[in-house]
Every structure is written in structure tokens, then in C-alpha cells.
Amino acid sequence: MRYGTGPEVLRDVSFTLPPGSFHFMTGASGAGKSSLLKLMYLALRPSRGLITLFGRDMARLTRADLPELRRQIGVVFQDFSLLDHLSALDNVALPLRMSGAGEAEVVEHCTEILRWVGLGNHLNALPSTLSGGQQQRVAIARSVINRPRLLLADEPTGNVDDGIGMRLLYLFEEMHKLGATVVIATHNEALIRRFNHPRLHLENGRLHVMPAQSAHWA
Amino acid sequence: MALPPLRRKRFDLPLAKDPTSRFLTWLTALMVYLAALSLAGALFVSDMARRWDTGLAGGLTVQIVPLPAGSATLNERTEAALTVLRSTPGVKSATALTTDDIGRLLEPWLGKEAADPLLPMPRLIDVVTDGPVDTTALTARLKSAAPGATMDDHAVWLADLRRFAGALHLAALAVMALIGGAGVMAVVFAVRAGLAIHKHVVELLHLMGATDRYVARQFESHVLSLTLRGGLGGLVLAVATLAGIGHAAAGLKASLLPTVTINVWHLALLAVVPVVACLLAMVTARWTVLRTLESLP
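Quick note, the sequences are listed as chains A and B, same order.
Quick note: to get my numbering, add 9 to the position in the first sequence (first position is 1).
Quick note: to get my numbering, add 1 to the position in the second sequence (first position is 1).
If you're looking for bench data, these hints aren't it; they were derived computationally from the structure.
Warning: the hint list may mix true and false statements.
Derived pair list, reagent style EDC-like, types lysine to aspartate or glutamate, alpha-carbon separation capped at 20 Å [claimed, not checked]: (1) A:LYS47 x B:ASP131; (2) B:LYS18 x A:ASP88; (3) B:LYS200 x A:ASP88; (4) A:LYS47 x B:ASP135; (5) B:LYS200 x A:GLU121; (6) B:LYS18 x A:ASP99; (7) B:LYS200 x B:GLU295.
Just a few of them, taken from the derived set where beta-carbon distance is under 10 Å, the chain A residues facing chain B [said to hold, decoys possible]: (8) LEU53; (9) ARG57; (10) ILE60; (11) THR61; (12) SER90; (13) MET107; (14) GLY111; (15) ARG156; (16) LEU159.
Away from chain A, derived, C-beta distances all over 10 Å, residues of chain B [unchecked claim]: (17) PRO15; (18) LYS18; (19) VAL66; (20) THR136; (21) ARG163; (22) LEU171; (23) ALA211; (24) THR212.
Quick caveat, the model's predicted, so the values are computed rather than measured.
Note that beta-carbon positions come from the ideal geometry of N, C-alpha and C, so glycine has one too.
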């Protein structure tokens, strides 16, 4: 994987995520975590190589096939990427509305999930009036509202204290138990130790897959 | 029973706050105003041409000029011409205009003295036809029966008028096409500006699985609401302008000028202008968004 004519940021990366698995993605800044996540949520296409997602070869798919696949992927962006002019509920509702869900269903599900993440009293609040932790929970609620088959998070606990970070991880665990495949890019070693899952460790653009039992290495 | 509260249409993209929004409304108002005036002009010209047609077609004018002494008198030749005309198949009636009638026709050029008996005035016969007339044969028979008689079947005059009306129609169409073209360019500009301003949001929606049509619909709805407001404003202004012109023209007694009165048919056609403008704007917005989003993976 390379950007334009620049150097390869990812090379010889080969791994398989079994359905329903949970992985942490680690690596120093600039190691290629965000690029790998972008490849996984179809924001980028690889310069060379093969990506198979949900059993479908990406190279064989047309551009028109991708929206439906993207709707099966939940993403928590590092900067939350909430829409400032929409309420918390309308932000969470975006994936459902894109899928063509009815308005009554949208309101019911979004209210339910926002209560689940502890924001039942902030349904109509604009993101600018919410704290960083609350915004992060809105972003997570949005990423899981559609029951995605693949859930990706880029430093989801980066801007919150450990207590909230732990709570967010429990939300991801819940989604994992419901059958989602989860990949969380994080630097938070405490969380990695607490939740014993395999790691995808990136170093100089290369990937090392580390099983859960050896995840206690420094 | 309590009515449900009105819910404003929700846009995922905050397009309403864009600086281009107000510009597009005003521009649409101006364009619809100009297009409606052009269309009204074309309609009035059509009415005028139809009046000329019905007034002049189906009729002939025979003129008998005075001849030097020694010939039959003007009255005798007029009577002879009338006899020929009334016996011609296709002629419904033939009426000689009186000296007073001719005087009135010439009055704008010759003044009150036009009916002076000393002036050598030609005689005119107004012929109304109700079927095809062989004008060549009729002219020959007239010349033989009434020397100095000439016949005008208005063909040249009517052809000129029809050509003139056609040219005005084409000009009106060209003006409307130019206005439409300018409108399309304005919408393309506004939509591209909107896409650039909200690039981050558009990309986010794209990554979340929004289809290009989903994003395009947001722009279409937004552009529709802007152009509808502008279009209605432009139409109201155009109708008011035409009513004003009609009021001013009512004082003129110039029968060759088109009648500037708006009837229901005119109003219905003028109301189509903002509708077409809105449809054109929506299609343009959709096309622009779809073309632009093709660059996303």
C-alpha cells in the first residue's frame, strides 16, 4: 500500500480475521495502523495485493457494490467525525437512514442505543455541547447501530479517562459477543492487558500477528 | 384531534447555511423573470400573427386606378370588376369601398383633404373568399374586364409578417435557451461549491455506506427548495410586469401592436417556467454530484 508515488506504508501484510474474532491493533505512530484500517473500511484500495472481505474479492467488485459492504462495517474514527449540525440522535441515525429504515424504527433504535451508552438525556444535544467522552460514545453508538459484521475503531479511548475507556471497551465486548468481528487500534497497554485478545502489531509497515496468550509482552 | 408537529426536512449536509444558497435563490428569481418575459413576448407575437392571418388571409383587395380620358370611367370599370369577382368561384363577397372609406384610409398620410374629389383616387374592392381562388385566371379576367385593375392577395405581405413573427419566436427561444444555460452553469457552480465546502461530511457519508444517489438527493432537495422559492418570486414579478405593460398599452390604439393582456392560457404557460427551472436545476444538481463523487473510491 502506498499513497500516490510515495514509499510503501504497508507491505507484505497478510492476515485473516476469523468471523466473530476480537483483535487489538498496535504499533508506533506512523507504523501504518490508520492505513490498514482505511483499507479495511474501504476508504482506500490497495496499490497491489488482495483483500477479501465477507468472502468477496475486493478487486472483482465494482464501485456500485461497495456502499452495501460499507454499511456492514462500523467505524469509530479517531476524531469521532460527528456532524456538528445534527443532534446526537440524528448522528447515530445516519447508518439506519442510509439503509432506508423507517423513521419510527430509527428513533426507537437510536434512543435505545443512546440510553445504552449512557446518553439517554442527551438525545437532542448537538455534539458541540457534549464532552469529549460523550462525543466518543455517540460515535461508538453510531458505529454499532446497524449491527455491523466488522467493527473497527481507531484509538477509541484516546481522549477519555481510563474509567470511560474501560466502559467503551465493554461496549465493544458486547458487540463482539453479538457476533461482530472487532479490531481496535490503540496505544492503551492497560486495556490490552485487561482484555486479553490477539494483537495485530505493525512495525515499519509490516504486520506481526500475536496470539492472545503472548499479548503481555511489552 | 391535535395535528402532529411540523418537522423540518432534515439534511445530513448543512447546505442551508452555505453562502451560495441565497445567491442561487436570487439568480433563479432573475432568470425565471427574464425567461417568463421572453415567453410572454413569444406568446403575444403568436397572438398578433394569428390576428394578421385571420384578418388578411381569406381576403383579396382589388385596386382600380384612374386612367387617362378616353377610357371607361372609374365607376364603370369598378362595376365590371365587381361583376367578374361576384361570378368567380370561391368568392364570398366583393364590396367596393366608398370614397369616404378610402379617404379615411389615406387620412394618416394625406390629412383631412384626402377625400378631395379633385384628387385622382383609385377605387378599392374588398373581396372575402370562402374557398380556393385561381388568382392568375382572376387577374387576367379582371384586367380584361376592367383595364387598370390590379389584385393583391396579401401573400407577400403575409409571408413577410409570418417570417417576422417566426424570427421573433426564434429570438425568444434563443433567449430562453441562453437563460437556461446560464442557470445550469449557476447550479453546477453552487453544487460544486457545496461539495467543496462539505467535503469532509460527504466523504464521511460515503465511508459510512451512503450511495452516491443518497448524497445527490440531499443536493437535489436543497436546490429544489432554493429554486422553487426563487422561481415563484420571479414568476410573480414577471406577471406583475406584464400586467403593468398591459395597462400602459391599453391606452394605445395601435391595432398592429400585440395585445398585452394575460389570459388563463398565458398564465398556465408562464407557470411552467419555474417548474422547468426547478426540474432543470434538480437534474443538473444530481448530475454534478454523481460526476464529482465518481472520484471517491
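For each hint, the structure was consulted:
1. Between the alpha carbons of LYS47 of chain A and ASP131 of chain B the distance comes to roughly 83 Å, so the proposed pair goes past 20 Å and is violated.
2. Annotation: proposed proximity of LYS18 of chain B to ASP88 of chain A is violated, straight-line Cα distance about 23 Å (limit 20 Å).
3. Distance hint between LYS200 of chain B and ASP88 of chain A is fulfilled; the C-alpha atoms sit about 16 Å from each other, no more than 20 Å.
4. With a C-alpha separation of about 86 Å, the suggested pair LYS47 of chain A and ASP135 of chain B falls outside the 20 Å cut-off, and the hint is violated.
5. Of the pairs offered as hints, the one joining LYS200 of chain B and GLU121 of chain A is violated, with about 31 Å between alpha carbons and a cut-off of 20 Å exceeded.
6. Between LYS18 of chain B and ASP99 of chain A the CA atoms are separated by roughly 18 Å; this keeps the pair inside 20 Å, and the hint holds.
7. Distance hint between LYS200 of chain B and GLU295 of chain B is fulfilled; the C-alpha atoms sit about 14 Å from each other, no more than 20 Å.
8. Annotation: LEU53 of chain A was flagged as interfacial toward chain B, and the flag holds, the nearest CB pair being 7 Å apart, inside 10 Å.
9. Look at ARG57 of chain A: its Cβ only gets to about 15 Å from chain B, farther than 10 Å, so that hint breaks.
10. Interface hint at ILE60 of chain A: violated, since its Cβ lies 12 Å from the closest Cβ of chain B, which is beyond the 10 Å cut-off.
11. At its closest, the beta carbon of THR61 of chain A sits 17 Å from a beta carbon of chain B; the interface hint therefore is violated under the 10 Å criterion.
12. The closest approach between the C-beta of SER90 of chain A and any C-beta of chain B is roughly 5 Å, which is under the 10 Å cut-off, so the hint is satisfied.
13. Contact between MET107 of chain A and chain B, as hinted, is supported at the beta carbon level, the nearest pair being about 5 Å apart and thus within 10 Å.
14. Using the Cβ-Cβ criterion of 10 Å, the hint placing GLY111 of chain A at the interface with chain B is not satisfied: the shortest such distance is roughly 14 Å.
15. Among the interface hints, the one on ARG156 of chain A is violated; its C-beta lies about 13 Å from the nearest C-beta in chain B, farther than the 10 Å criterion.
16. A distance limit of 10 Å between C-beta atoms decides the matter here; for LEU159 of chain A the minimum to chain B is near 12 Å, and the interface restraint is violated.
17. Interface exclusion of PRO15 of chain B from chain A breaks down, the closest Cβ pair being 4 Å apart, not more than 10 Å.
18. With 10 Å as the threshold on Cβ separation, the claim that LYS18 of chain B sits away from chain A is violated: the shortest Cβ distance comes to roughly 8 Å.
19. Under the 10 Å C-beta cut-off, the non-interface status given to VAL66 of chain B relative to chain A holds; the minimum distance is some 82 Å.
20. Distance check on THR136 of chain B: its Cβ is at least 68 Å (rounded) from any Cβ of chain A, clearing the 10 Å threshold; non-interface status holds.
21. Non-interface call for ARG163 of chain B relative to chain A: holds, since the shortest CB-CB distance, roughly 53 Å, exceeds 10 Å.
22. Listed as outside the interface, LEU171 of chain B is consistent with that label: its C-beta sits roughly 43 Å from the nearest C-beta of chain A, beyond the 10 Å cut-off.
23. Distance to chain A contradicts ALA211 of chain B as a non-interface residue, since its nearest Cβ pair spans about 5 Å, not more than 10 Å.
24. With a minimum CB-CB distance of about 5 Å to chain A, THR212 of chain B fails to clear the 10 Å threshold, and the non-interface call is violated.
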